[in-house]
Amino acid sequence: MNPEQSTHPESSQDAATYDIAATETKWQQVWDDLQPFRADDDSPREKRYALTMFPYPSGDLHMGHAEVFALHDVVARYWWQRGYEVLNPMGFDSFGLPAENAAIRNDEHPDTYTRANIARSIESCQKYAASFDWTRTFNTSDPEYYRWTQWLFLKFYERGLAYRKNSPVNWCPQDQTVLANEQVVNGFCERCGAEVTKKELTQWYFKITDYAQELLDGLDELESTWPDRVVTAQRNWIGRSEGAHVDFVVEGRDEPITVYTTRPDTIFGTTFMVVAVDSPLAADLVSDGQRASFEAYRDEIRKASDIERLATDRPKTGVDLGITATNPVTGAQIPVWATDYVLADYGTGAVMGVPGGDQRDWEFATQMGLPIVRTTEVPADFDGEAYSGEGATINSPAPGSQAPLDINGMAVADAKSATIEFLEQQQTGQGTVNFRLRDWLLSRQRYWGAPIPIIHCPVDGEVPVPDDQLPVTLPMLKGADLKPKGTSPLGGAAEWVNVACPTCGGPATRDTDTMDTFVDSSWYMFRYCSPNDDTQAFDTDKVNAWMPINLYVGGVEHAVLHLLYGRFFTKVLNDMGLVGFREPWSAQLNQGFVINQGKKMSKSLGNGVNLGDQLGAFGVDAVRLTLVFAGPPEDDIDWANMSPDGSLRFLQRAWRLSGDVTSAPEVDVATGDVALRRTTARTVHDAAELVETYRFNVLVARVMELVNATRKAIDSGCGPADPAVREATETVAILLSLVAPYTAEEMWERLGRNPSRQTTVARAGWPAVDEALLVEDTVTAIVQVKGKVKGRLEVSPDISEADLEAAALADEGVQRAIDGATVRKVIVRAPKLVNIVV
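Residues 1 to 838 in the UniProt record's numbering are what the sequence shown spells out, letter by letter.
Simulated from the structure, these hints should not be mistaken for laboratory data. Just so it is clear, CB atoms sit at the ideal spot from N, CA and C, and this is done for glycine as well. A couple of the hints might just be wrong.
Capping the alpha-carbon separation at 30 Å, the derived lysine-lysine pairs in DSS-like fashion look like this [what the hints assert, rightly or not]:
{"#": "1", "residue 1": "Lys207", "residue 2": "Lys165"}
{"#": "2", "residue 1": "Lys825", "residue 2": "Lys788"}
{"#": "3", "residue 1": "Lys825", "residue 2": "Lys790"}
{"#": "4", "residue 1": "Lys600", "residue 2": "Lys127"}
{"#": "5", "residue 1": "Lys199", "residue 2": "Lys155"}
{"#": "6", "residue 1": "Lys199", "residue 2": "Lys478"}
{"#": "7", "residue 1": "Lys712", "residue 2": "Lys832"}
{"#": "8", "residue 1": "Lys155", "residue 2": "Lys542"}
{"#": "9", "residue 1": "Lys199", "residue 2": "Lys47"}
{"#": "10", "residue 1": "Lys155", "residue 2": "Lys165"}
{"#": "11", "residue 1": "Lys165", "residue 2": "Lys199"}
{"#": "12", "residue 1": "Lys790", "residue 2": "Lys832"}
{"#": "13", "residue 1": "Lys47", "residue 2": "Lys542"}
{"#": "14", "residue 1": "Lys599", "residue 2": "Lys127"}
{"#": "15", "residue 1": "Lys483", "residue 2": "Lys198"}
{"#": "16", "residue 1": "Lys832", "residue 2": "Lys788"}
{"#": "17", "residue 1": "Lys47", "residue 2": "Lys127"}
{"#": "18", "residue 1": "Lys207", "residue 2": "Lys542"}
{"#": "19", "residue 1": "Lys198", "residue 2": "Lys485"}
{"#": "20", "residue 1": "Lys199", "residue 2": "Lys127"}
{"#": "21", "residue 1": "Lys198", "residue 2": "Lys165"}
{"#": "22", "residue 1": "Lys600", "residue 2": "Lys165"}
Computed spacing ranges between beta-carbons, pair by pair [unchecked claim]:
{"#": "23", "residue 1": "Val779", "residue 2": "Arg38", "range": "43 to 49 Å"}
{"#": "24", "residue 1": "Ile827", "residue 2": "Gln758", "range": "57 to 63 Å"}
{"#": "25", "residue 1": "Gln758", "residue 2": "Glu495", "range": "53 to 59 Å"}
{"#": "26", "residue 1": "Val779", "residue 2": "Gln28", "range": "44 to 50 Å"}
Throw the hints in and build the complete structure from the sequences for me.
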């Protein structure tokens, strides 16, 4: 339904309209005075917590913000109308590279850029009529906030969950900082798009892998209320697999090479081993005679990204390390190679080469002339190369072999179990569970972030900053002092870096890295419950009263990054006794993207849409209504196909209804026109279900239908004085308050419900429904003949199947469609469907 469509002419105020700008200014002031959305911690009403994902203050609001705030606001305002006490806060994720890069360009401090953007964003949010509680606002770059970010880091450190190690890390050459694995997208920096390389650095990590299994298990209870693709993305990222660690002895080396495999049953087909060329293990294993070749190959491979190395169409390369390892089951000596298609941070950095069961190993073996032995019987119709599916075990051992283990003929699962049992008996392996998930790399070599509160002392080592010395505030740097140098700009602030050790009093230095901004946004939802508490990170009692969050709205691009980290933080805080639950977000809603002309908006493409221009041309309500009405929330919206001018015309049509009503607010609506009252009652009844199932676009359509029905009732004899007209129009105002708050307030005032502007339609309460009006006198039964609709019958809702069949067969239109043919079957679904097969 197009919003400007109307099947009925307007009546007395056809040409009437309202001044958009004046209306918005008027009600912004009223709301500012009333503070209708200020959450009361002590309210006796049932609590609900609605939250949008933490926005970054990069400038003014854009179309993406407009969409997510409009969708989110439908639910938050609906909860207020249903009588809940609603916490709907807003703040800003204000640390990060964009502000730092802007400060370098403009020779200023990042805080200058950040606060200007925050002020602009708040002003725009308030004009947009988002129902946020502005009394709880904070910014992550405020020392009052990051004091507690640092405190939480130290609590994690005390529990062994924050640690420092040297390892190859993802390095962004443009932003000059390390990145977590989750921040590398297809080999490129998630933030700036530069191609990511590898670099050896000593960095801080959070031990998220300690919670890998619980993070996975928790998805089972979330899958009914979280989007499927988010749950799937997290399951895949955590990547649980069951298999075994297997030890391969290398002559002359005390420690065996340990590999992880999900298919220990294929060990009879292991004809070589491969080691990541850039791993410390490869450098340790290579023989003297092969070292020069190995080092030349390693230097060449280091130029490639991980994504390039793992590409399936990349030719397989490698260098023989000049050593062999012993297969622990067959006793055979197998060569050990260094290659690029194994990554140093996967498992142990070593993989047993099973070319019969792994396509990459097949290609490598073929390239290097290595043996290929199948260990699983392939289906008769299989025409590929490596086969990793189900089938009976073969060549395990090969015919004539005297191997101490025989699993031939077993199914894969049984063969895996038998092999693991044998390895454990021989103490050459161990059944184990492995995860794709790696520990969270949180160090950043940039300035605009929370400093890591650790002091490095030559005597006492790593020393936590005492609680009474928090926050460790950033020194005043700006402009050129912030330019990335491959190390943190904080290293150049000598007066800040050099401090006395809190333990021994001797000379020491501060850690010069700052924390990943995802640390800030992993706990902000707790702070909203007591944002002004300067004695603790958050009030546990208030957190437990408001949380878990009832609905979290935001983009699917955070399916892994932010959502996984926030879940991890919550589980740790629960273990610390600081919160009483283990999952922070009970339900989640993803919105799609706002695009234009079929593509993502871009200045270079010339298809950008300026939100301010749209608001100026059509008003806030029309833009909000257009975004909500465009389709299901998760679908993308192509603005080129939208009609904000049509939305505006519909809103004016709804507004004109409020001017037509002539009955008094206290009129007894029970005496009104029954047909219109039924339509109103059904609309209210359905609206609740539509909001709670996130079908906001259908909700708007139902309000449009009610507007049309009300106009028809006025014009067809019911008249503007009929109490049913007032009831319907007031219902339109309340339902529109979820989507178009300015129009709703104007209607409510014109209806005489808010003459002194001391209340708001947003808190009017959900319309009451007389249940008797929901009982249908008749329903329409559809009659199909040969799959085509040939009749519609008005029947009683409780008609029997036999009576409905008789009525259908007696219908003249149905008889014509049958046209004397033999009726083979009649399928009846009383009271709404009859299907006649002839």
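Evaluation of the provided hints:
1. Lys207 <-> Lys165: 12 Å, holds
2. Lys825 <-> Lys788: With Cα atoms ~15 Å apart, Lys825 and Lys788 stay inside 30 Å; holds.
3. Lys825 <-> Lys790: Status holds; Cα separation ~16 Å.
4. Lys600 <-> Lys127: 26 Å, holds
5. Lys199 <-> Lys155: 29 Å, holds
6. Lys199 <-> Lys478: 27 Å, holds
7. Lys712 <-> Lys832: 27 Å, holds
8. Lys155 <-> Lys542: This hinted pair holds, its Cα atoms lying about 21 Å apart.
9. Lys199 <-> Lys47: 49 Å, violated
10. Lys155 <-> Lys165: 19 Å, holds
11. Lys165 <-> Lys199: 13 Å, holds
12. Lys790 <-> Lys832: 14 Å, holds
13. Lys47 <-> Lys542: Given pair Lys47, Lys542 holds - Cα atoms ~11 Å apart, limit 30 Å.
14. Lys599 <-> Lys127: 28 Å, holds
15. Lys483 <-> Lys198: 21 Å, holds
16. Lys832 <-> Lys788: 15 Å, holds
17. Lys47 <-> Lys127: 26 Å, holds
18. Lys207 <-> Lys542: 28 Å, holds
19. Lys198 <-> Lys485: Measuring from Cα to Cα gives roughly 17 Å; hence the hint holds.
20. Lys199 <-> Lys127: Roughly 47 Å between the alpha carbons, so the hint for Lys199 and Lys127 is violated.
21. Lys198 <-> Lys165: 15 Å, holds
22. Lys600 <-> Lys165: 40 Å, violated
23. Val779 <-> Arg38: 43 to 49 Å: 46 Å, holds
24. Ile827 <-> Gln758: 57 to 63 Å: Once the Cβ atoms are compared, 60 Å apart, the range 57 to 63 Å for Gln758 and Ile827 holds.
25. Gln758 <-> Glu495: 53 to 59 Å: 56 Å, holds
26. Val779 <-> Gln28: 44 to 50 Å: Between Val779 and Gln28, where Cβ atoms are some 46 Å apart, the hint holds.
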